[in-house]
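K.L.:
Chain by chain, the residues:
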Amino acid sequence: MSLSSVFTISGSALTAQSMRLNLVASNIANAESSTSSTGQPYRGRHVVFTAIPVSADQPQVDGVRVTSVVEDQSPPILKYDPSNPLADAQGYVNMPNVNPIEEMADMISASRSYQTNVEVMNTAKTLLQKTLQMGQ
Amino acid sequence: MLDAIAKDFNFSQRALGLRAYRTEVLASNMANAETPYYKSVDFDFSSAMKSAMAGDDAGKNLALNATDPRHFSTSPDGGAAGVSMQYRGAVQPSVDGNTVDMDLERGAFLDNALQYQSTLTFMNDRIATLKSAIKD
Chain S
83 MSLSSVFTIS GSALTAQSMR LNLVASNIAN AESSTSSTGQ PYRGRHVVFT
133 AIPVSADQPQ VDGVRVTSVV EDQSPPILKY DPSNPLADAQ GYVNMPNVNP
183 IEEMADMISA SRSYQTNVEV MNTAKTLLQK TLQMGQ
Chain R
10 MLDAIAKDFN FSQRALGLRA YRTEVLASNM ANAETPYYKS VDFDFSSAMK
60 SAMAGDDAGK NLALNATDPR HFSTSPDGGA AGVSMQYRGA VQPSVDGNTV
110 DMDLERGAFL DNALQYQSTL TFMNDRIATL KSAIKD
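In the order they appear, the protein sequences are chains S and R.
Positions 83 to 218 (my numbering) are the ones given, in order, by the first sequence.
Positions 10 to 145 (my numbering) are the ones given, in order, by the second sequence.
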């Protein structure tokens, strides 16, 4: 049935967007983590979305998948804090390269996309229900 | 007799198939609203419908051979067959090469869902008419 693959498509988008939301949460939570298990300051992480066809016979209809998570390679932000044990000789501490404002904007964008895809699924559900009731 | 009824529903059935497929295509566009380099696709419904109905006669070679009048008549099912997919022109091109315009997609999705429901309503009315004709 054709309409039920809408659930696969929108479902894949829900998974992808919730993963993006998770990373935003991780970035904001670690916006002040000047060290980590590797000893380096935390780096911002971002998802990479890729369009993937849902079935071989319909190459034009794509779902979405998170194919990788990349670390932000921009340099860490320097913060002057001589009392910090991690401070260098000049009194600067390497802080994560996370911009909380950008992360908030990313969060709003992810949650809006999530909502839109839920609406698409609801519409497809209504259409399927009406089709099942045909002729009654 | 049954064949006549089946023919009667042929048009609506094909319209529903194409509408369902378009729902899928639009859901795929919305799922990939933030995938870099994803190009928004859509198809022209009226020309797809025309080619589906033309293929009804032309596509007879795809049907099973009926060597006995009691065999079921099988014509290729509408769906995605004969649909020529086209890329949508970007209204506001974005830096990541994505051409999905969310407002446009949502508008098209809503319109498509309503058209699907109206086709269903016409079909239901037709079924009610046939039913009352059978009862009398």
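FYI, nobody ran anything at the bench for these hints, they're computed from the structure.
Predicted, not measured: the structure shown is a model, and the values here were computed from it.
Every residue gets a Cβ at the ideal spot worked out from N, C-alpha and C, and that includes glycine.
A hint or two may mislead.
[To be verified] The following label-pair restraints were derived from C-beta to C-beta distances:
{"id": "1", "chain 1": "S", "residue 1": "I190", "chain 2": "R", "residue 2": "K144", "range": "55 to 63 Å"}
{"id": "2", "chain 1": "S", "residue 1": "M101", "chain 2": "R", "residue 2": "D12", "range": "48 to 56 Å"}
{"id": "3", "chain 1": "S", "residue 1": "Q155", "chain 2": "R", "residue 2": "M94", "range": "16 to 24 Å"}
{"id": "4", "chain 1": "S", "residue 1": "V151", "chain 2": "R", "residue 2": "S93", "range": "33 to 41 Å"}
{"id": "5", "chain 1": "R", "residue 1": "R97", "chain 2": "S", "residue 2": "V151", "range": "24 to 32 Å"}
{"id": "6", "chain 1": "S", "residue 1": "M101", "chain 2": "R", "residue 2": "V100", "range": "22 to 30 Å"}
{"id": "7", "chain 1": "S", "residue 1": "R194", "chain 2": "R", "residue 2": "Q22", "range": "33 to 41 Å"}
{"id": "8", "chain 1": "S", "residue 1": "Q155", "chain 2": "R", "residue 2": "G106", "range": "15 to 23 Å"}
{"id": "9", "chain 1": "S", "residue 1": "G93", "chain 2": "R", "residue 2": "S93", "range": "26 to 34 Å"}
{"id": "10", "chain 1": "S", "residue 1": "F89", "chain 2": "R", "residue 2": "K144", "range": "50 to 58 Å"}
{"id": "11", "chain 1": "S", "residue 1": "R194", "chain 2": "R", "residue 2": "G106", "range": "39 to 47 Å"}
{"id": "12", "chain 1": "S", "residue 1": "V151", "chain 2": "R", "residue 2": "D120", "range": "21 to 29 Å"}
{"id": "13", "chain 1": "R", "residue 1": "M94", "chain 2": "S", "residue 2": "T117", "range": "45 to 53 Å"}
{"id": "14", "chain 1": "S", "residue 1": "F89", "chain 2": "R", "residue 2": "S141", "range": "14 to 22 Å"}
K.L.:
Indicate, hint by hint, whether the structure satisfies it.
P.N.:
Here is what the structure says about each hint:
no., hint, result
1, S:I190 with R:K144: 55 to 63 Å, "57 Å, holds"
2, S:M101 with R:D12: 48 to 56 Å, "52 Å, holds"
3, S:Q155 with R:M94: 16 to 24 Å, "37 Å, violated"
4, S:V151 with R:S93: 33 to 41 Å, "37 Å, holds"
5, R:R97 with S:V151: 24 to 32 Å, "30 Å, holds"
6, S:M101 with R:V100: 22 to 30 Å, "28 Å, holds"
7, S:R194 with R:Q22: 33 to 41 Å, "36 Å, holds"
8, S:Q155 with R:G106: 15 to 23 Å, "21 Å, holds"
9, S:G93 with R:S93: 26 to 34 Å, "28 Å, holds"
10, S:F89 with R:K144: 50 to 58 Å, "38 Å, violated"
11, S:R194 with R:G106: 39 to 47 Å, "21 Å, violated"
12, S:V151 with R:D120: 21 to 29 Å, "37 Å, violated"
13, R:M94 with S:T117: 45 to 53 Å, "51 Å, holds"
14, S:F89 with R:S141: 14 to 22 Å, "36 Å, violated"
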